[in-house]
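Asker: Got two chains here, each in a separate frame; can you build the complex from them with the hints?
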Amino acid sequence: MNYTYLFVLIWLAYLICSGVLLFSRGFLLARVSKTETSTCRRLSTNPDDEYYLTPEVVQEIFKDVNASTSSNLCLPQKSKVIILVVDALKYEFGVYNENATEPPLPYENKLDVLHRLLQQSPEHARLMRFRADPPTTTLQRLKGLTTGSLPTFIDIGSNFASPEINEDNIIDQMVKSHLPLVFLGDSTWTDLYPRRFKRAYSYPSFDIFDLDSVDNQIMQHLPKELASNDWQVLIAHFLGVDHCGHKHGPIHDEMARKLTEMNDIISSVVAGMDNETTLLIMGDHGMTASGDHGGDTDDETNALLFAYTKQHKFYTSNDSGSDSEILQQIDLVPTLSTILGVPIPYSNLGLINFNIVPAIAVPHLSKFQTLLLHAWQNAHQIYRYFFKYAMENKRTFNVEEMDKLETEFILLTHRVQTIYNEAAFKSFVRDLNINLRDILNVCREIWVKFEPTQMSQGLLFSFLPIFFAFLLVNNSNAGDYAQIFKPKEVFYTFLINIAAGVFGYRYYKNFSFKTEEHGVIFFTSLLSAVLLAFYTIRHWKNIANNWANVKRFGHMPTRLLLFASVAVFFSNSFVIQEAKILSYLLVAIILLLIYELLQLSARLDFKNKFKWSQLLRSTALRLVLASLLAICCIRFAYTLFRCREEQGNCADFASASTAGFSVKKPAMGKTYILAVVIIVLYTTLTRLYLRSCGNLTGNSPNVLLARYGPTVASICAGGHILLANSTVKNIQRTHIDTMALVIYGLLLLQILVVSWSPLMVFVLPPKNPNTITVNGQDSIVPEIFRKMKRMYEGDDAERRYEIPVVYGLATVYSSIIISFGVFLAMLMIVLLEPRASIGLIVCIVVGAILLSLHGILRYRTANSFESCVQPTFSAVVGWFLLAHFCFFATSHQTTLSQIDWRAAFVGRSSALGQSHLISGTLVILNTFCGPIFFYCMYSLLSTETFSLFALFPNLIKSCSSSSRNSSTNNGNNRNNGKASTAAIALSDLANDAVGFDMTRGELALYEYEDVFLGAAFKLATQFFMLQGLKIFCAMLACTIHCRHLMVWKIFAPRFIYEALATFVGLPALIVGYLFLLRINRAVDGLIKCINKDK
Amino acid sequence: MVSRFDQQKTKHQLFHVSISLATILICMTYMQYRRNWAHLGSFWDSLIVPIVFIGELLKVILARFFGRIEDGVLTAKQRQKKAAYFTPRELLGGLTLQFLCTLLYAFICIILGAPVLANYEQTFVLSLLMTLLTVSPTVFLLGGGGALQVCFCEKPDFITKCEDTALHLFKYNALGGILGAWAGSVVAPLDWGRDWQAYPIPNVIGALLGSALGNIYACTHVLYTCGRVYMSKKRA
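If you're matching them up, the sequences are chains A and B in order. In this text, residue positions in the first sequence follow the numbering used here: the first is 1, and each later residue adds one. In this text, residue positions in the second sequence follow the numbering used here: the first is 1, and each later residue adds one.
Isolated chain B, as found in the complex (with noise of 0.2 Å):
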């Protein structure tokens, strides 16, 4: 057990979980400082999903940065798929994939009880917000065919160890991230009269809170395996 201590790893999760709930705490901080709830829906006047997209964007090149050591091991078809990063086709395909994502999120706010279409601006902000918390890291990392295969397949061979271990956190992100959203709905049927009860408001603190929560939850994971390492050493 002591062996397999990835110390790497440990780092590279550490950061990641850290630059999570750093975007969230950001996010929040940025919600108490305008006072105003109404602005989360609107999708020019709120910032909440630029500072999403660069916390997610944030993440994927810390997981390239950490990638880079493990060049030299690479196989062939890590390194082909490496090189084809950057194509228009991957790029082309990763936005085709992200927009296809957004339009099926849309869908659901909308059969989940969203107004059909008199709300269309505050439904596309939480589906686009659900897109950069579900879908949007894993396609920055991988490219569009890619994260289909991963979504998809079983787990593909061209994953390098260190993008695997970003995809485990990404996966605690993206259900904490449902989940919150699905779970804010809550709070809309009582009769507070509160501002903050529109729709997406709760549904948007949700699963921004779930995300949180999701990352909370790998965070503990990872400072347990470590305390456990730490004290079979010490006992050692």
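For reference, chain A alone in the conformation it holds in the complex (with noise of 0.2 Å):
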């Protein structure tokens, strides 16, 4: 048979797949959290304590500095710590402008208290700016000022359900210090850090427009607890400055009244702190002149930092040669890590800022010891971090830099022995702190800038393939494709192709790529462009042909309906409602779908008069009622929709980290019951169907298997919902899970059926030679051997008795994709809840209604075989809305944080393994059910046109009639007469219409064969072409928007989504490919069997 189809559909998935990951290389920046963490051998003052500081001490320590005894000490803490987090405060709001234009714009000289301190005594008192780290958004900021590290989109390793941080951090540090917590404001720090805190006033940030609850909750708490004495770090994050900035901007009279609260609030804190406590305030990120944040501009990058202490001076620059000016956000976690003695947290990348650290003698030791030994553990532990990452994360890094960075390091070890003098040390810090700044460079360089190579490359490299998919194989006829693709210039192709893949697996260094994957990326797209053009320009002269033949402005509603589904990437509320945008879309398809109908049919059915009985008759009326139908269901799908977290009033978000087995609504056991009555009904009209088309006549296995299966499977399926859910607590898990099992071994089986022997035809043997009678009290409509023979052998009266009878042979193809879809969809509904597995049917039963209504319109507007088995343009669209709005309908939601991990755990909770491969595939199964499925079933939309004319032939008298009015307006009343019911007649009027016998249904498929197999080859690239298009916008949408406040929560998790979706979907394209080769090649053999047998 002909594979050669097949691999150029492998050749095209491949250019596509890779250029999105080349794409998502360079777009999502990833860093491997480490779960490791810092301690320490503390070093105390008290003189019951194991390592009490005494002159002995400080001598061995300093005898070798570098043993692993003194790497990793702690020495005592220095005071109490309180912070106030002002968000989004900026460097500018508390810089006091002496010479500021009378009046002073609204946010300026409002926080005099930090001024007045300042004069005051500039000993005690820092103003520093506080330089975050893009992205500025509020959650990022707190991963880094708590870790120390440069936050990244995915931190790989975190778990996705909880935002909980198990990264190490300064928090954890000192909860295991033994350091109580206290902690007012913002919910944020306590879903990221629960349980840590020894109190929490924590208030939910969700509402943006409101300006001063949270504050005013913390305001009420926080004189009470500045008063008690039984915390060392207290905690207070205030939001109203930065809801006044998103509502007001920062020139606005509100912005005024926050500062001046602020600067009470600091007034009074400063008022009520003791002598032992060192203040910071600061503010998390800065805000751009229009109130908003969230990019890298300096305006947002630049927030404030003030530290105070009422006693302790504070180590001068001249000390330590630490920057005055600014701090860097990451130099924060160190730095409290000194202030209250704890280890640094383990992946922290940042220096010790010892401008703000009070300087408290530590006996026995002078000064410049207390900062080498600070200095040092910081170096320490930079080092054991970055090279740890770089050893596990081999190629992350440049190694040519590493290797100078580790020189420079152990110069550094050897020269920190021989400092005995402040004049030594202060030089000496100086060339260590720039090494280590070339180590945060250089993970910065790597976690958070875009690599815009990898990403144009990604998107060049995805484009193409499209582009010349969409010249060469769009534009071409489906007969011709054997000519395009020659087996032997397609094995060529994908021998160079490996060897392009070989060439840049072994030479990528030479071209300056970071990775094999690149290289091998690049070679394999560039020449896989260069060939596919090839193509394009030596078929130049049949393309541009048939593009002459295309109407200009065709199909223009349809290419409206699909720029308006890809336009959804490019804004981010268009992706917040993406659900209802595409039942929008797709509702609007079916409207346009029946109106063409209807323009086709109506205006013929009634001739000159409007009769409301001939309305109530005609088949227009059903198709309208049935599409009907269609689009209530997907009104219905409504109430299945999860809602996401930025649409408001979202209950679904907050109990998706509790979902599961473990909630219980009342209302629930409704939906449960729903669920399994509607899968009995989809299993029995199936059923139903297939009987009806003759398929399941016989005793052979894989008849069997399609008559009882999906009987056994829903029963399977409806058990698992209602126990797997159910109150009922002695149950035990394995007979719940062998439910599951039994559904996944149904489906395996019938994936070895279908490889063994696919076809569910009956050929019922020649019994009495004399009657050939089809059953005429069955609604079968068995399909006579004799008109088969008429095309092969011609009539032959004499042999008319040996004629066999086959039963199913009209579908032939379809019947056998519909039985494998039934176990598909069973499998699906048991990973999915039991609310998304209505989904799931309901976006079946649209999907059935949409083949009928495309097959009758295919009918009527075909004038040729190939016209006949190329499903239209809007069907095509339909089909592809259809796939991706069945994500949406079985409640998912493009969010990471709702991703539906229970599949992971269907069926699997006593056998079956750990294994992570499985899971994966059973969740992403549950996720993209909506294109695996109905991309699996793709060719259904090409075979469905017949087999419905050969189930309901009187269509085709009713199309062929009307036809007939059209072209000639005379006494068409006779011509209907005498075509009655006559299958001979039938089957003219077909011939008339279009050109071939329609009433032998998919038969007529195989008489055309190489026209079908190219047009399956043709459609299945056109949806490659459209999910291309789609990833492509949503790549683009990344790339436009890859500063954009809102980037990593709601783009970056579409495109993840979109990317994903393409990845899964175009093998499933394949699948179904491959799917009608075999049935193909099965068919081909009976037929053959068929004949050598007479």
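Please note that the accuracy of each hint is not assured.
Think about it this way: if two alpha-carbon atoms lie no more than 25 Å apart in a straight line, the pair counts; the simulated SDA-like pairs of lysine to any residue are [claimed, not checked]:
id : chain 1 : residue 1 : chain 2 : residue 2
1  : A       : K551      : B       : M231
2  : B       : K11       : B       : M231
3  : B       : K171      : A       : L600
4  : A       : K426      : A       : R415
5  : A       : K580      : B       : L175
Hints listed in this document are in silico derivations from the structure and should not be mistaken for laboratory results.
Answerer: Structure below.
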């Protein structure tokens, strides 16, 4: 058989996917988060402790500072700490402007307490720029402020389900060192660090237009907490300024009010704090002139940091060599660790800034020795982390650069031994800081900056194959592909690609690519693009001819709908509401189809006079009703959508973390019952359909499986839904799991059967040679071999008695795909939640209606076999939209926190291992059930037209009589009467209309095998193009919005979902095509066998 | 070509289009004058529906006015049809048809995503407006039965030339209205937080603007033919 097309499909799929992969490597900055934590030997001033500071201990430490005993030390705690985080406190807000315009701007000179303290006691107060790393959003900033690392979009290893941080961080270190923490304010902190605080007064930050309530709550509790003595660290996070910025912008009277309020709070805290406390006031990020934040402009990254102690002076930059102007935000973590005497968190990359460390003398240590110990601890920790990370994630960093850094570090370790005075210390610290900053910059380059080369190449390499596939495949006739893609040429194409891949793998360094992967993708994609261009140019004449025949502005409404569906990616509000937009567009497609149908038929059904009775009898009305049913189904699916956080008052989001077996609402009981009823209905209907096609006759194993399998599967699925969610306690998990396992087994069996003997037909042996009656009492439409034979042998009257009867030949292709679909759907139902499985079946119903609508429309507009087997563009787009709509209808949302992890555990509690591969497959099957299901079934779009007309031959009559009407407007009633019910007349009619005998159903497909397989290939490529267009737009949107405020919250997750849909959708299409090839081969065998028998 | 130029028809078309555009202009002025968008969705408070109603009625009267000239050349069937225009049967049929149409539009609004019953008044206003823009003019012109025939059958033979002109223009109006109302939803999901984003305001305005665009398209068509005729005449 002809497997060439299959390989072309694989090639195209590889090209598109590799482009997407390349883009995602450049766009999704990933950092593997390490779960190791730092520990230290705690030097203490208390004689009872293990490491009591004595001169001997000090001497031992300085004998070898690099020794393992002295490289992880914690010096004693210096003071208590109060941290006041004022969200979006920009640097300019705190700087006192002496010659401000009169009156000053609303934000100017409002925090005069800072100015006063600076004037009063410059040694006890510090005002610095607090430089944030982008993205400047509160959540990412808090991660940075507590872990001391650069937060990226995906911190691999952290769990998606809850935002809790599992990397080593300052809060955990404080808890481990038994320093009690009190927290007041924004609930983001308690989401990140649940159960860490001794007392937490947290308030949700969701309502962005509420300026005061969180701050008022803090103010209510703050004095009480300040007065109590049982904490070492107090954190308060005020939201008012940020919300005010979002609502009014910085230049507004409200801002003046909020800042004055902050000023009062700071004054009262300063008044209330004791002598042993360090006060830190900081903004987590700044704001732009319009009051927003998230990007990387100076306005957004420059926040304010103010430090104050009552009694102790701070170290000066003269002492330590630290920058007194700017404090990087990641430097806060080691600095805090120094003040509190806790180990520096494992993955910190910041440096201690001694300007805000109170200068409290440590016994037996001189000042420079204290500073040296601190700085050297910090350096050790950074090197430990950096080299460990580099070892475990090879090729993240450039090798030469690593070597250079390591050499420098070794030099420094030698130099540190020889520091005996302050001058030597100063020059050492200067060099050390430069070295550590280099490390930070290397990391920043990798974790914070997008890689524009990979992104742009990814965009280009996913665009090129789509473009050339459009030129080459979409503009050629289905019959011509055999000439375009010759087996030998495709074979060479693969060889060349492999060679290019090997070349890229071997020599990627010479072209300054970072990874082998990049090299391989670059060279194969480049070469493939050239090859595709070559193919296109060689067949340009044909392409140009076919293109000239295409109607200008044809399919304009459909194109607009498609355009609208991909335009969604470019606006965050559209992405948030995508479920509704998709259903809106899908309804529009169905309305468009029905409009086209009515245009073609209704006007012709009633000739001159409009009659209600005629309307009620017409096919058109039935089709309209069917499509209304489909639209109602889509509308019903609204109730199944899952909402997302941004939509406001979303209850799903809150319960998402606890979803699964624990949620028991009384209303859910009805949902379960409804789900079971719908599943049973679905299996019954498909069974009835298959039986009426005659595909369930006989006793061959595949027919038996198709006959009884779905029943068993539906019982198991129903049982699983009811039992897994029931409140009855004493059901063993294994019993529930067995049901899921049965369904898995049935699907595997079905796959085996399909690959072994796919055909669901029954050849009736000619028992009685004289009669060939096909039972009239059954409603079965058995396909009589007579017609077939007439086609091959010519009508041979003498041999008539030998004609075998073959059941189910009219639907020989679609029946197998449908019965496979039943099993696939059952598998997905068992994986999905009950509510979502209703959504899946609703989508299948919509799909079935779409198929039948399109089947009739296609036949009426077709004028040859080729156009008949090639679905209309509207239907293709409709099917495509339906596949994506199904994602939302099955209660999914494009947020990372709403992945349904429950699916990974269906049927796996006891047996079946703990393999991550299986878990991943199950979750993917759950999440992308829509694209997978509908893409696997895509070939129904071209076969269903044929089976429909074989099942309801009367449709042909109505169609052709109407087409006759249009062509000749006289006396066709006579003609109608003549063409009564005789099958021969029907086939003649069909012959007239489309040039072949439609009554033979899908057997006609076999007769025009080449065109059919070509058309199926073309259809698959069209889906490739649609999916490729969608993912391309998603990538483009991400590129355009890569510094957008919402990029990590909305655009990037949307892109990830779309990329995954592409990665599973394209293989699903290939599987669908493979099915078709297998069936075609079996049909070929069957026909040959029957012919030989005779 | 030149000889086929029908002055009466062109006049009729131009008047017709200018009435449509004037109606929409009045609607826009009215909205500007009220300044408050929220009233667009309420039935009793808003004057949009009456204004559009009067506009459509004016168009039908215009068609009748131009139709008078042709009175002499009517066929028997056309005469019969005309006589039956004011019979109770036709009136009742027309009203029922419009009512059913309103219901159908309301249903379509709901299946396209409007709240099922919560905003029934807004849905009603929108569907009324859609009916007025699409079905009503035809019903006013031909009566209920006639409208059905025009919609579902081949061109009935009782239609006079002038009615045909009007129907042709109604088609643009209706198509523009439907597409405009459909496309109006585009602003609904945006997070701008404006008061005019509330359902049905974008759809109402979209319908009006859409029908305006349809009319402008028709107008350019007419003017283009006019201009061509004028040029060829001048050349001759």
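Asker: Decide, hint by hint, whether the structure agrees.
Answerer: Hint check results:
no.	hint	verdict
1	A:K551 / B:M231	violated, 31 Å
2	B:K11 / B:M231	holds, 18 Å
3	B:K171 / A:L600	holds, 18 Å
4	A:K426 / A:R415	holds, 12 Å
5	A:K580 / B:L175	holds, 24 Å
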